[in-house]
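J.: Could you build all of it, start to finish, from the sequences and the hints given here?
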Amino acid sequence: SKAKKAKKGFMTPERKKKLRLLLRKKAAEELKKEQERKAAERRRIIEERCGRPKNLDDANEATLKKICQEYYKLVVDLETTKIDIEFEVERRDFEIADLNSQVNDLRGKFVKPTLKKGFMTPERKKKLRLLLRKKAAEELKKEQERKAAERRRIIEERCGRPKNLDDANEDDLKNICALYHERIHGLEDTKYDVEEIVKRKDYEIADL
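1 is the number of the first residue of the sequence shown in our numbering; add one for each residue after it.
The reader is advised that the hints may include incorrect statements.
[As the list claims (entries may be wrong)] Computed list of lysine to aspartate or glutamate pairs in EDC-like fashion (alpha-carbon distance at most 16 Å, straight line):
#1 K174 to D58
#2 K191 to E48
#3 K147 to E157
#4 K54 to E170
#5 K65 to D172
#6 K135 to D98
#7 K191 to E88
#8 K65 to D166
#9 K174 to D98
#10 K54 to E70
#11 K201 to D98
#12 K201 to E61
#13 K66 to E156
#14 K174 to D57
#15 K191 to D77
#16 K199 to D84
#17 K163 to E188
#18 K65 to D167
#19 K141 to E95
#20 K73 to E156
#21 K174 to E61
#22 K66 to D166
#23 K142 to E90
#24 K134 to E95
#25 K73 to E188
#26 K65 to D171
#27 K147 to D84
#28 K163 to E70
#29 K141 to E90
#30 K141 to D98
#31 K191 to E41
[Stated by the list, open to error] With beta-carbon atoms standing in for the labels, derived distance ranges:
#32 K54 to E95: 40 to 50 Å
#33 D172 to E34: 37 to 47 Å
#34 H185 to I154: 12 to 22 Å
Rather than coming from a laboratory, the hints here were simulated on the basis of the structure.
Built from N, CA and C at the ideal position, the CB exists for glycine as well.
T.: This is the structure we're talking about:
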């Protein structure tokens, strides 16, 4: 009985408190390590995607112009990809909202309109939900068409016109190359973050 008493009193409130604090500290340390690992992974992926800047010091005027053109094309490609991923985030938000609506319907948590008793039969409720979803799908299609035009406009606006290379001397061309490469790095940086948002949305959808 003494052994039982000792066992029962082993986890005193003070010890429980210390254990909780220890577990929290451990969890915080693990979280910090994971954040540092992800930050390092992020830097590695971005650096890998961007590649090292081209060697401009030994390049002649023709080579510099070619590098500028390659960099500008990459800027356009990245802007295009980035906006497509941004639209993917919006599409997933719509999907999450729709799935949440369906889940709530199945649980019987949909908002009941204040109508006369017996007016909204289960069949009518079902038809109303289908009608609302059809309407939402039509609105989404219109929105997608509008966004396609908006997408083209945004890409052109973000990219801007290519720099005039014809009147540029070697120093100007080197500066243009450096600016383009810096911009490529910034775009890869942002694109990576948006891709991570898409992944989080996918996990959210999978959990619904």
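J.: None of the hints should be skipped; say for each whether it holds.
T.: Verification of the hints:
Taking the CA atoms of K174 and D58, the gap is near 11 Å; set against the 16 Å cutoff, the hint holds. Pair hint K191 plus E48 holds up; C-alpha atoms about 14 Å apart against a cutoff of 16 Å. For the proposed pair K147 and E157, the alpha carbon gap of about 14 Å is at most 16 Å, so the pair holds. Taken as a hint, the K54 and E170 pair is honoured in the structure, with Cα atoms around 15 Å apart against an allowance of 16 Å.
A C-alpha spacing of about 10 Å is found between K65 and D172, which places the hinted pair at or below 16 Å, so the restraint holds. Between K135 and D98 the CA atoms are separated by roughly 12 Å; this keeps the pair inside 16 Å, and the hint holds. Distance restraint check for K191 and E88: the Cα-Cα separation of roughly 12 Å lies within the 16 Å cut-off, and the hinted pair is therefore satisfied. Straight-line distance between C-alpha atoms of K65 and D166 comes to about 9 Å, which keeps the hinted pair within the 16 Å bound.
The straight-line distance between the Cα atoms of K174 and D98 is roughly 51 Å, outside the 16 Å bound, and the hint therefore fails. Between the alpha carbons of K54 and E70 the distance comes to roughly 11 Å, so the proposed pair stays at or under 16 Å and holds. As the CA atoms of K201 and D98 are separated by approximately 13 Å, the hinted pair is consistent with the 16 Å bound. For the given pair, K201 sits about 47 Å from E61 by alpha-carbon distance, which is inconsistent with the 16 Å threshold.
A hinted pair counts as satisfied when its Cα atoms are at most 16 Å apart, and K66 with E156 does not qualify at roughly 21 Å. Simply put, K174 and D57 have alpha-carbon atoms about 8 Å apart, close enough for the 16 Å limit, and the pair holds. With a CA separation close to 12 Å, the supplied pair K191 and D77 stays within the 16 Å bound. Restraint check: the Cα-Cα separation between K199 and D84 comes to about 14 Å, which is no more than 16 Å; the hinted pair holds.
About 21 Å separates the Cα atoms of K163 and E188, which puts this hinted pair outside 16 Å; it is violated. Between K65 and D167 the CA atoms are separated by roughly 11 Å; this keeps the pair inside 16 Å, and the hint holds. At most 16 Å may separate the alpha-carbon atoms for a hinted pair to count; K141 and E95 meet this at roughly 14 Å. At most 16 Å may separate the alpha-carbon atoms for a hinted pair to count; K73 and E156 meet this at roughly 12 Å.
Between K174 and E61 the CA atoms are separated by roughly 9 Å; this keeps the pair inside 16 Å, and the hint holds. Between K66 and D166, the direct Cα distance comes to roughly 12 Å. Compliance with the 16 Å bound is thereby established for this hinted pair. Using a Cα cut-off of 16 Å, the hinted pair K142 and E90 holds, with the two alpha carbons roughly 14 Å apart. Restraint check for K134 and E95: the C-alpha separation of about 14 Å stays at or below 16 Å, so the hint holds.
At roughly 14 Å between alpha-carbon atoms, K73 and E188 fall within 16 Å of each other, so this suggested pair holds. Restraint check for K65 and D171: satisfied, since their Cα atoms lie roughly 11 Å apart, inside the 16 Å limit. A C-alpha spacing of about 10 Å is found between K147 and D84, which places the hinted pair at or below 16 Å, so the restraint holds. About 12 Å separates the Cα atoms of K163 and E70, which keeps this hinted pair within 16 Å; it holds.
At most 16 Å may separate the alpha-carbon atoms for a hinted pair to count; K141 and E90 meet this at roughly 13 Å. Using a Cα cut-off of 16 Å, the hinted pair K141 and D98 holds, with the two alpha carbons roughly 15 Å apart. Pair hint K191 plus E41 holds up; C-alpha atoms about 15 Å apart against a cutoff of 16 Å. Checked against the hint of 40 to 50 Å, the C-beta distance between K54 and E95 comes to roughly 41 Å, which is consistent with it.
Between D172 and E34 the beta carbon distance is about 45 Å. The supplied range of 37 to 47 Å therefore holds. Between H185 and I154, the C-beta spacing of about 20 Å keeps the proposed range 12 to 22 Å intact.
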